[in-house]
Amino acid sequence: DARLTVELGVLALALDQVTDDDVAELRRRFEAMAALLVGERFVDFHGYLDANYALHEHLVSLAGNPLLTATFGRLSIKSVMTRSFGVTPETSQKFVEAQGRLVDAIGDRDAAAARRAAVEYCELAKERVREILAASGGRL
Numbered sequence: 002d003a004r005l006t007v008e009l010g011v012l013a014l015a016l017d018q019v020t021d022d023d024v025a026e027l028r029r030r031f032e033a034m035a036a037l038l039v040g041e042r043f044v045d046f047h048g049y050l051d052a053n054y055a056l057h058e059h060l061v062s063l064a065g066n067p068l069l070t071a072t073f074g075r076l077s078i079k080s081v082m083t084r085s086f087g088v089t090p091e092t093s094q095k096f097v098e099a100q101g102r103l104v105d106a107i108g109d110r111d112a113a114a115a116r117r118a119a120v121e122y123c124e125l126a127k128e129r130v131r132e133i134l135a136a137s138g139g140r141l
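Numbering of the sequence shown is given in the working numbering, commencing with residue 2 and proceeding in unit increments.
Hints are supplied without guarantee of correctness; some may be wrong.
Unchecked claim - Each pair of labels, with its calculated beta carbon distance range:
1) Glu132 to Leu68: 33 to 41 angstroms
2) Glu128 to Thr20: 30 to 38 angstroms
3) Asp45 to Asp2: 26 to 34 angstroms
4) Leu68 to Ala135: 33 to 41 angstroms
5) Leu14 to His47: 30 to 38 angstroms
6) Ala135 to Thr20: 40 to 48 angstroms
7) Glu128 to Ala36: 35 to 43 angstroms
8) Thr20 to Ala71: 18 to 26 angstroms
9) Ala135 to Thr72: 28 to 36 angstroms
10) Arg29 to Glu132: 27 to 35 angstroms
11) Leu14 to Ala135: 35 to 43 angstroms
12) Leu14 to Glu41: 33 to 41 angstroms
13) Arg131 to Asp21: 34 to 42 angstroms
No wet-lab data here; the hints were simulated from the structure.
Ideal placement from N, C-alpha and C gives every residue a C-beta, glycine not left out.
Construct all of the structure, not just a fragment, from the sequences and the given hints.
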């Protein structure tokens, strides 16, 4: 929820200032991340986490506020993802699809669609953590 809050704030503040170069960089980072998930399996789990973080860090940086970007870094997103997803080599293409919709919406400068995609991604992540907790007896 913390990441979602930050990203929704960035979208509200900066979406109308996003440049074509910003969008191109988001797409490049998205494609690098998406390539690390084939079917429902990670090709390179840690590479995927790094690429996922790089995508979302760049999204936050669109606000042009180094303090906000640094604060985002202190959320320890990669650590949380490692703990929650590290117990399984599997995930779902739904995550990549939701993030693809987020990147597309930013490219279209469509604030409503970007918000929907960001919320969708957050809800999918929380659902996945609940699934992993259930499958692992409540332990990460």
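Checked hints:
1. Glu132 to Leu68: 33 to 41 angstroms: 35 angstroms, holds
2. Glu128 to Thr20: 30 to 38 angstroms: For Thr20 against Glu128, whose Cβ atoms are near 34 angstroms apart, the range 30 to 38 angstroms holds.
3. Asp45 to Asp2: 26 to 34 angstroms: 27 angstroms, holds
4. Leu68 to Ala135: 33 to 41 angstroms: 38 angstroms, holds
5. Leu14 to His47: 30 to 38 angstroms: 32 angstroms, holds
6. Ala135 to Thr20: 40 to 48 angstroms: 43 angstroms, holds
7. Glu128 to Ala36: 35 to 43 angstroms: 24 angstroms, violated
8. Thr20 to Ala71: 18 to 26 angstroms: 22 angstroms, holds
9. Ala135 to Thr72: 28 to 36 angstroms: 32 angstroms, holds
10. Arg29 to Glu132: 27 to 35 angstroms: 30 angstroms, holds
11. Leu14 to Ala135: 35 to 43 angstroms: Check passed, 37 angstroms falls within 35 to 43 angstroms.
12. Leu14 to Glu41: 33 to 41 angstroms: 35 angstroms, holds
13. Arg131 to Asp21: 34 to 42 angstroms: 38 angstroms, holds
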